[in-house]
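Generate the whole structure from the sequences, applying the supplied hints.
There are 2 protein chains.
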Amino acid sequence: MKKAVCLLSGGIDSTTTAAIAKAEGWEILALTVDYGQRHRREIKAAGRVASALKIAEHIHLELDLRAWGGSALTSENIAVPVGQELGSCPRRIPITYVPARNMILLSLAVSYAEAKQAQRVYFGANSRDYSGYPDCRPEFVQAFTKAATLGTRTGVEGRPIEILAPLQKLTKAEIIRRGIELGVDYSLTWSCYERKEEACGKCDSCRIRLAAFAELGMEDPISYENK
Amino acid sequence: MKKAVCLLSGGIDSTTTAAIAKAEGWEILALTVDYGQRHRREIKAAGRVASALKIAEHIHLELDLRAWGGSALTSENIAVPVGQELGSCPRRIPITYVPARNMILLSLAVSYAEAKQAQRVYFGANSRDYSGYPDCRPEFVQAFTKAATLGTRTGVEGRPIEILAPLQKLTKAEIIRRGIELGVDYSLTWSCYERKEEACGKCDSCRIRLAAFAELGMEDPISYENK
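Protein sequences, first through last, are from chains A and B. Residues 456 to 682, numbered by the numbering used here, are exactly what the first sequence covers, in order. Residues 456 to 682, numbered by the numbering used here, are exactly what the second sequence covers, in order.
Copies of the same chain look alike in the list, so a pair counts if it works inside one copy or between any two.
Lysine-lysine pairs mimicking DSSO-like chemistry, simulated, CA-CA at most 30 Å apart:
1. K571 x K651
2. K458 x K601
3. K657 x K571
4. K601 x K571
5. K624 x K601
6. K657 x K499
7. K477 x K509
Hints in this document: simulated from the structure, not taken from any laboratory.
What follows is the structure in structure tokens.
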């Protein structure tokens, strides 16, 4: 059986991506990175999702990016913004951008894939209903794939690891619809940027999620403080 | 003063690179990653080098790549090879290659640089007297730089972080000669792949180092079990 590494944060996008990879017949090696994110609750969600999807192997890796911070998600001194304008073409990169995070996560995923003879990496990047992160864009994923091909044994030996972002062009509502078709239970996931018992309902991540469920005429199955 | 992140492993190449960056007038932010390497003794060496070079800030980051292994440096089950043919055009990538390691390290360095408003990353990659690692080659560094430009806030905003590998085309003897001109004390460094009190003198890393000092008609200032 062919193996694929899936970056699994425990949010809607990575959960749906893992379900797609599984439906495409891949044995899944899931990688969840505790990078010191404020919303570490997503890591528990990743564990629940991995169990529900009966994932072959699930590695939790610790990597404390609070060492240098620089983001509302990795620094206690920077607040998570609320009530900013959302849209598919945001003008500014928000303060929840974690410097070079997806490059770090993809590098780790490629390393894991290479060590375990996996042929693919699945990654939940999405550039439509997103927050304006540069490292979710197709041109970044393409350039990263080229670097990974040149910088790895498998790449040099003519068996480059493929990096797939199957949600790249979908809206958040389309992502959820696809997940529901595949039997994903979104009550297991976590998207909120805050470290609370219930999702805040106010940060960009909550608002994008709530808007997508509303567009589908569905109730978001997780609980919110405010919505 | 302009700031540069230097990847500092504690070996000859990264130490010389940091000395070059300092001589070029940059304030150095050093990054040493404990990735579970067999030769963790190099981390102590990195601390000594950082002190000797009076580096502004030095971060030690833990990231345990033994989680998936796949290299003689990150798996206890794979021995460090000895007595292989050395040369500037090795045919095979050795088992001491750590999957995607330099991509991971460079991604972390770019993240650190972006968070601290540093304009450069210095990296000790060298593609002449080396062991055949794909992620030391100029074509990899170039492709990685493009990905980093597309995937970061600074890149998108037109202030891409420069990635420099000033040793790229030097032989190991030329690197040491340059370091000595800059006052580097190589007795502080560590190159051996084994976890021993004295360097083994047999692994590729020891042999490349010993050959370079011999070429310069100098005594390597560290102690060896065998040489």
